[in-house]
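A.B. asks: Protein chains in written order, with my numbering: chain G, 1 to 381; chain P, 1 to 381; chain E, 1 to 381; chain Y, 1 to 381.
Hints listed in this document are in silico derivations from the structure and should not be mistaken for laboratory results. The reader is advised that the hints may include incorrect statements.
[Unchecked claim] Here are the simulated DSS-like cross-link-like pairs (lysine-lysine), alpha carbons at most 30 Å apart as the crow flies:
{"#": "1", "chain 1": "P", "residue 1": "K3", "chain 2": "P", "residue 2": "K123"}
{"#": "2", "chain 1": "G", "residue 1": "K345", "chain 2": "G", "residue 2": "K380"}
{"#": "3", "chain 1": "P", "residue 1": "K231", "chain 2": "G", "residue 2": "K154"}
{"#": "4", "chain 1": "E", "residue 1": "K154", "chain 2": "Y", "residue 2": "K276"}
{"#": "5", "chain 1": "G", "residue 1": "K345", "chain 2": "E", "residue 2": "K354"}
{"#": "6", "chain 1": "G", "residue 1": "K3", "chain 2": "E", "residue 2": "K5"}
{"#": "7", "chain 1": "G", "residue 1": "K276", "chain 2": "Y", "residue 2": "K276"}
{"#": "8", "chain 1": "E", "residue 1": "K345", "chain 2": "E", "residue 2": "K318"}
{"#": "9", "chain 1": "Y", "residue 1": "K231", "chain 2": "E", "residue 2": "K154"}
{"#": "10", "chain 1": "Y", "residue 1": "K265", "chain 2": "E", "residue 2": "K248"}
{"#": "11", "chain 1": "E", "residue 1": "K4", "chain 2": "E", "residue 2": "K318"}
{"#": "12", "chain 1": "P", "residue 1": "K5", "chain 2": "Y", "residue 2": "K368"}
{"#": "13", "chain 1": "Y", "residue 1": "K368", "chain 2": "Y", "residue 2": "K115"}
{"#": "14", "chain 1": "E", "residue 1": "K377", "chain 2": "E", "residue 2": "K354"}
{"#": "15", "chain 1": "Y", "residue 1": "K154", "chain 2": "E", "residue 2": "K371"}
{"#": "16", "chain 1": "G", "residue 1": "K371", "chain 2": "P", "residue 2": "K368"}
{"#": "17", "chain 1": "G", "residue 1": "K154", "chain 2": "G", "residue 2": "K380"}
{"#": "18", "chain 1": "G", "residue 1": "K234", "chain 2": "P", "residue 2": "K154"}
{"#": "19", "chain 1": "G", "residue 1": "K234", "chain 2": "P", "residue 2": "K248"}
{"#": "20", "chain 1": "P", "residue 1": "K248", "chain 2": "P", "residue 2": "K276"}
[Said to hold, decoys possible] Taking beta-carbon pairs under 8 Å as the criterion, some of the chain G residues facing chain P (in silico):
{"#": "21", "residue": "F156"}
{"#": "22", "residue": "E218"}
{"#": "23", "residue": "L252"}
{"#": "24", "residue": "W303"}
{"#": "25", "residue": "R373"}
On a predicted model such as this, the values are computed, not experimentally measured, just so you know. Beta carbons: idealized from backbone N, C-alpha and C, even for Gly.
There are 4 protein chains.
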Amino acid sequence: MAKKKLNVGLIGYGFMGRTHSNAYRKVGNFFDLDYEVVTKAVCARNEERLKSFADQWGYESTETDWRKLVERDDIDLIDIGSPNDTHQEIAIAAAEAGKMILCEKPLARTGEEAKPMVDAVEKAGVPNMVWYNYRRVPAVTLAKQLIDEGRLGKIFHYRSKFLQDWTISEDLPQGGEGLWRLDVNVAGSGVTGDLLAHNIDTAIWLNGSIDSVSALTETFIKERQHSLTGKVEKVGIDDACIFMAEFKNGSLGNFESTRYARGHKALYDFEINGEKASIAWDLHDMNRLAYFDHGDDSIVRGWRSIHVTDGDQPYMDKWWVPGLIIGYEHTFIHQVADFLEGVAKGEPASPTFKDALETQYICDAVLKSGKSRAWEKVQKV
Amino acid sequence: MAKKKLNVGLIGYGFMGRTHSNAYRKVGNFFDLDYEVVTKAVCARNEERLKSFADQWGYESTETDWRKLVERDDIDLIDIGSPNDTHQEIAIAAAEAGKMILCEKPLARTGEEAKPMVDAVEKAGVPNMVWYNYRRVPAVTLAKQLIDEGRLGKIFHYRSKFLQDWTISEDLPQGGEGLWRLDVNVAGSGVTGDLLAHNIDTAIWLNGSIDSVSALTETFIKERQHSLTGKVEKVGIDDACIFMAEFKNGSLGNFESTRYARGHKALYDFEINGEKASIAWDLHDMNRLAYFDHGDDSIVRGWRSIHVTDGDQPYMDKWWVPGLIIGYEHTFIHQVADFLEGVAKGEPASPTFKDALETQYICDAVLKSGKSRAWEKVQKV
Amino acid sequence: MAKKKLNVGLIGYGFMGRTHSNAYRKVGNFFDLDYEVVTKAVCARNEERLKSFADQWGYESTETDWRKLVERDDIDLIDIGSPNDTHQEIAIAAAEAGKMILCEKPLARTGEEAKPMVDAVEKAGVPNMVWYNYRRVPAVTLAKQLIDEGRLGKIFHYRSKFLQDWTISEDLPQGGEGLWRLDVNVAGSGVTGDLLAHNIDTAIWLNGSIDSVSALTETFIKERQHSLTGKVEKVGIDDACIFMAEFKNGSLGNFESTRYARGHKALYDFEINGEKASIAWDLHDMNRLAYFDHGDDSIVRGWRSIHVTDGDQPYMDKWWVPGLIIGYEHTFIHQVADFLEGVAKGEPASPTFKDALETQYICDAVLKSGKSRAWEKVQKV
Amino acid sequence: MAKKKLNVGLIGYGFMGRTHSNAYRKVGNFFDLDYEVVTKAVCARNEERLKSFADQWGYESTETDWRKLVERDDIDLIDIGSPNDTHQEIAIAAAEAGKMILCEKPLARTGEEAKPMVDAVEKAGVPNMVWYNYRRVPAVTLAKQLIDEGRLGKIFHYRSKFLQDWTISEDLPQGGEGLWRLDVNVAGSGVTGDLLAHNIDTAIWLNGSIDSVSALTETFIKERQHSLTGKVEKVGIDDACIFMAEFKNGSLGNFESTRYARGHKALYDFEINGEKASIAWDLHDMNRLAYFDHGDDSIVRGWRSIHVTDGDQPYMDKWWVPGLIIGYEHTFIHQVADFLEGVAKGEPASPTFKDALETQYICDAVLKSGKSRAWEKVQKV
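Full structure from sequences and hints, please.
C.D. replies: Structure follows, in structure tokens:
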């Protein structure tokens with residue numbers, strides 16, 4: 001059966017531009033889908049580098065103005081991989097043009113900015129999804145399955161961190177290529193929007209809604225040179241953020257993120273304690289899931305280290321043989337596969353813009369609490 | 001050289017009565033001290049079991065009234081191993097009787113209750129110490145040494161948990177022998193005083209004072225039968241507690257304890273992130289210290305798992321040979337040894353009652369914040 | 001600069017057919033090479049499945065007779081991914097046709113069978129390489145670098161295992177698709193040629209030649225139904241093999257492989273103990289390298305767990321950002337990249353057919369020793 | 001009930017003298033036994049240090065001639081803690097004097113030397129035991145229990161190592177105090193008798209008899225100064241030893257020991273692979289047992305890390321509470337407790353001299369094979 005072609009127009013060629021492009025090019029080799037993804041066009045402002053990127057990844061054409069891309073009839077899907085401050089305008093225009101939309105996380109800089117994006121895609125009725133890729137780590141998807149099967153019972157605790165150490169040096173400037181994540185105007189926030197947004201997305205998927213939060217935020221280095229102006233300017237982002245959360249299901253959340261945890265490159269982890277079982281996972285060893293089942297015979301009870309590489313575990317029938325691991329980039333391939341299956345069936349793939357809006361509101365409450373030093377209610381979606 | 005005898009009178013024969021007794025009996029086999037500890041008398045109310053305990057541990061005599069013990073001329077040191085609600089009265093009487101005092105942790109149920117104890121020992125000028133035994137885990141003592149040597153540089157983060165899972169069952173009663181830790185009137189609080197007090201004691205030792213805290217406390221099981229009354233009564237303790245802390249040195253603290261973390265028996269852990277290095281430790285593998293040194297060559301940089309069993313590491317010259325571990329009980333032996341060396345030199349051994357009062361004030365602020373749902377300042381000692 | 005096209009003709013569409021195809025398709029996205037790989041043709045006997053495979057992986061054409069493939073003028077490189085008993089005939093024909101050759105491991109069923117293959121490629125002067133992919137795990141390549149830098153000093157011990165558990169069931173037949181590894185006529189041997197060959201290839205790369213070996217081989221299940229004949233037939237392969245080795249450099253080798261180690265899917269590991277440092281690695285956590293440096297300060301000395309995901313570690317500048325891992329398949333991509341760089345420079349990429357012949361001779365000596373129950377000298381290449 | 005006194009006479013005050021003395025002094029505090037151990041006398045040649053040791057450990061008297069100790073009527077049990085070359089003579093004399101005997105391992109330097117010792121204790125009918133203490137690590141005892149319960153099913157593989165790194169320096173002399181283990185005349189052999197004897201003792205206990213072995217032995221440093229003569233002399237011990245073994249039950253053994261494994265202090269480990277389950281353990285983390293149960297649901301199957309500190313696990317009801325570990329020395333306490341229970345019941349406690357003779361014969365075969373470079377049969381006990 002001939003596959004239907006689905007033409008992608010990608011905006012942005014940075015780190016995320018590469019992960020998305022790779023996903024588009026590989027998904028068909030491993031998943032049997034109704035759609036064949038065509039890397040039709042890529043858009044960015046620097047023409048020379050754009051050309052090189054297009055060559056490297058096999059994009060058929062290029063654009064330097066995203067509006068032109070959005071207007072093109074031969075584009076079915078707009079993939080927004082540009083910095084956070086550009087998401088809203090592009091997404092609304094793409095929705096109005098009737099395009100499917102994939103948007104990098106966080107959906108926007110704030111919930112207020114994100115809400116019209118949700119409205120736009122819902123009004124347009126276009127398939128949409130946000131690249132919270134960690135839902136598609138097989139071990140994380142397995143965690144979801146175990147919770148849905150009731151294996152944990154009532155949940156008491158959700159604990160999650162995202163620790164990095166790459167901004168400890170005072171000499172690192174803010175702003176500019178690769179460093180826009182330190183510029184509050186572009187990024188919207190620091191670790192909260194960049195890292196904790198991942199923790200939160202996974203948490204609400206696995207453990208349901210969060211009602212209220214109390215946060216402690218800190219900016220360790222108060223001033224940094226700005227790459228664009230060349231001047232030393234006040235740093236507006238949060239370098240670190242701890243927050244406590246009350247989940248709707250009565251469990252307690254403990255979240256923390258920082259870019260000042262020496263020794264941790266990208267240590268995203270979570271642990272969930274239920275009445276009957278517990279689960280733990282971390283990104284550095286992403287193919288493993290730790291699982292404690294209180295139902296085991298007491299003399300041989302212990303945390304199991306599950307090497308999630310077997311064919312009966314999520315997504316792993318698509319890859320190699322038991323014991324052989326997959327990498328970070330595979331999560332994006334899984335997400336594209338799920339999205340395309342959703343499109344084929346007319347069903348949304350998670351997380352949708354609306355799902356991501358919930359994460360955004362939680363981030364808003366966290367940042368607000370960091371300033372108010374009080375518990376803050378999370379706005380309902 | 002003949003050793004001076006130091007006669008101990010122990011109050012309480014429970015779990016802690018055993019750990020202390022073991023320390024008294026073993027310390028002389030491994031440490032060369034000026035003092036020889038004599039297990040002179042043990043005191044408790046149940047005469048039959050008291051006799052059996054005295055036989056098992058070689059106590060020369062018994063008392064059923066602690067006041068009599070305190071009054072005895074042949075007792076040099078009173079060791080308070082009875083429940084929290086008895087500490088104050090005994091300690092003050094013992095101080096007034098001019099006895100040295102070792103007191104189980106927490107010092108008292110509240111800072112208010114603890115303060116007169118500090119005043120009493122200071123007025124009496126008697127050597128005093130609180131059994132926060134984890135300072136004497138060799139790996140933890142090594143952590144202190146590394147920090148004092150400046151190996152971590154400026155500290156950004158302190159993260160510590162104490163997770164257990166033994167009270168998840170609703171059928172567990174509160175109060176009575178072995179279960180007084182669930183009775184708020186006896187214990188003063190739940191995980192805060194019983195477990196977080198340990199985390200806090202270590203934290204202020206390693207990282208200095210805490211200025212303010214914001215806490216989330218929860219009692220998952222609201223009512224339990226009381227062993228003494230036989231009635232179902234409201235549970236007054238905190239089953240779980242998370243708190244965020246601002247240290248005086250500018251670092252951020254994240255603390256959590258619960259007895260509802262399925263899969264964790266006594267998982268006390270901490271991690272400290274400094275500019276130049278990080279440290280991590282946990283009680284389940286208490287002979288190991290994790291250490292990350294950013295100064296290592298970048299291509300071979302990684303967390304080191306230090307097996308703290310060598311003769312040049314704290315306390316380990318007293319024990320076996322490299323690779324052979326020690327256990328939980330050894331921390332108490334170390335503490336007795338340090339105390340006796342302090343007595344010989346006329347120097348206090350830490351943590352003194354005063355040091356423990358600081359922990360008490362932090363616990364007070366935590367519990368207060370759990371109720372007020374606001375940031376609370378910690379009272380200064 | 002326009003890249004030169006290099007047309008690949010692949011023989012075999014099994015597990016290895018997929019890993020090689022993926023490498024061809026991805027290498028250009030991540031490595032900047034002079035050559036562009038074209039997946040020109042794939043060859044196998046089952047026409048229907050061949051067609052499906054070609055579609056899925058973008059092969060331009062198909063062949064059902066490998067001789068036709070070898071004769072085609074538009075093929076530059078023959079990739080032999082078919083079972084072991086076919087390697088020799090194809091390789092010699094391909095060499096005679098002047099093709100570059102990549103051959104799956106082991107090079108052949110025996111050294112005797114392999115030797116003419118080496119002669120053929122050397123006579124023809126064609127670039128050649130064997131798919132011992134584990135040399136290109138970044139952590140393993142880093143191990144090589146550390147050894148070459150002299151960080152380990154004199155080597156005393158090399159210890160390596162490859163443990164699996166997939167053939168424990170008696171009901172598993174021998175022979176037939178996916179199970180030809182259990183048929184001695186096709187495979188040549190059991191774990192020795194299939195698994196230990198990997199251990200040996202890495203060992204001689206990292207630690208030099210092996211002079212002599214003493215082996216213990218076992219076939220736990222003596223008879224299995226043969227898929228092709230339908231009859232219960234004697235099993236000719238080794239289910240398990242342990243061997244001791246004397247390396248030329250004076251170090252002692254301990255090797256073991258089995259498919260009866262319950263709980264291990266594909267646990268290939270090695271540890272090397274040198275005078276100054278030690279190294280350990282395993283495939284299940286392939287992005288980590290364990291490293292012990294005796295030169296560290298004694299009080300903080302310990303095994304380091306190096307997360308080999310930084311840009312200054314082998315190959316990792318091509319992938320994502322620190323902390324984000326790669327998977328099994330990437331080793332093949334690295335190998336293609338190195339091979340193509342070698343072709344561009346006119347330098348052989350390791351392991352060549354000749355390198356692989358050395359491994360073959362060691363396997364021969366191991367299998368011979370398993371039968372003779374005596375130490376056996378390894379034939380020199 | 002008044003306990004019966006059992007008077008111990010210890011020979012040797014080195015490392016093992018300390019571990020045994022500690023066991024005698026502590027056993028009564030933790031185990032409820034019919035016997036009360038009295039540390040009656042200690043014997044060694046250096047009078048000054050002997051006196052100091054006796055004081056430190058509470059021995060009532062001292063002897064400088066072991067023959068006098070053996071002749072004393074007030075001694076019930078002779079504990080042989082002196083170097084290997086003294087075991088035979090003392091043990092035979094003690095047996096003839098009707099004393100119970102505890103002997104340090106290995107029982108003797110060779111099986112030939114050990115056999116008369118077995119004959120002597122059997123003829124005298126005296127309780128006897130050898131200090132292979134690792135059988136009494138709770139995790140190891142649990143392993144025995146799991147195997148006896150049939151949880152592993154048919155055993156395929158037994159793998160065990162004992163790695164150290166303390167003799168790498170060429171400057172270390174042989175012979176003399178603390179270093180007699182390097183003097184072949186005193187020790188009998190190197191790692192084989194000192195370390196592998198432990199591996200073997202545990203192995204035959206857990207997995208039954210060994211029929212034949214093939215070994216590779218090496219002395220890396222051929223000459224060392226001898227402490228007693230002051231001259232550089234040939235080193236007679238094996239620095240490293242690898243051996244393969246055929247167990248009577250059809251499983252394959254792989255054993256290795258060395259004192260040249262940089263980074264390992266005392267890494268005694270073993271792993272057992274059975275049809276239904278596997279077990280692994282190591283001494284550095286001696287309170288943990290790794291367990292893989294193939295019967296677990298496939299999606300959550302993984303190695304369990306069992307923290308062996310619960311009251312229903314071997315010996316642990318005698319100690320603290322779940323999660324709190326014990327140390328190396330506790331294994332000796334357990335062994336004394338088991339021995340005394342055996343004496344009370346008139347049943348031998350394992351390993352008896354006869355059990356230890358089996359280990360000795362295996363060591364003999366290993367050392368013989370190291371020289372003959374052939375498979376050697378193990379002599380039957």
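A.B. asks: Evaluate each hint against the coordinates.
C.D. replies: Status of the hints after comparison with the structure:
{"no.": "1", "hint": "K3(P) <-> K123(P)", "in the structure": "holds, 29 Å"}
{"no.": "2", "hint": "K345(G) <-> K380(G)", "in the structure": "holds, 29 Å"}
{"no.": "3", "hint": "K231(P) <-> K154(G)", "in the structure": "holds, 26 Å"}
{"no.": "4", "hint": "K154(E) <-> K276(Y)", "in the structure": "violated, 41 Å"}
{"no.": "5", "hint": "K345(G) <-> K354(E)", "in the structure": "violated, 54 Å"}
{"no.": "6", "hint": "K3(G) <-> K5(E)", "in the structure": "holds, 28 Å"}
{"no.": "7", "hint": "K276(G) <-> K276(Y)", "in the structure": "holds, 25 Å"}
{"no.": "8", "hint": "K345(E) <-> K318(E)", "in the structure": "holds, 20 Å"}
{"no.": "9", "hint": "K231(Y) <-> K154(E)", "in the structure": "holds, 26 Å"}
{"no.": "10", "hint": "K265(Y) <-> K248(E)", "in the structure": "holds, 27 Å"}
{"no.": "11", "hint": "K4(E) <-> K318(E)", "in the structure": "holds, 21 Å"}
{"no.": "12", "hint": "K5(P) <-> K368(Y)", "in the structure": "violated, 57 Å"}
{"no.": "13", "hint": "K368(Y) <-> K115(Y)", "in the structure": "holds, 18 Å"}
{"no.": "14", "hint": "K377(E) <-> K354(E)", "in the structure": "holds, 19 Å"}
{"no.": "15", "hint": "K154(Y) <-> K371(E)", "in the structure": "holds, 24 Å"}
{"no.": "16", "hint": "K371(G) <-> K368(P)", "in the structure": "holds, 21 Å"}
{"no.": "17", "hint": "K154(G) <-> K380(G)", "in the structure": "holds, 24 Å"}
{"no.": "18", "hint": "K234(G) <-> K154(P)", "in the structure": "holds, 21 Å"}
{"no.": "19", "hint": "K234(G) <-> K248(P)", "in the structure": "holds, 23 Å"}
{"no.": "20", "hint": "K248(P) <-> K276(P)", "in the structure": "holds, 19 Å"}
{"no.": "21", "hint": "F156", "in the structure": "holds, 4 Å"}
{"no.": "22", "hint": "E218", "in the structure": "holds, 6 Å"}
{"no.": "23", "hint": "L252", "in the structure": "holds, 6 Å"}
{"no.": "24", "hint": "W303", "in the structure": "holds, 6 Å"}
{"no.": "25", "hint": "R373", "in the structure": "holds, 5 Å"}
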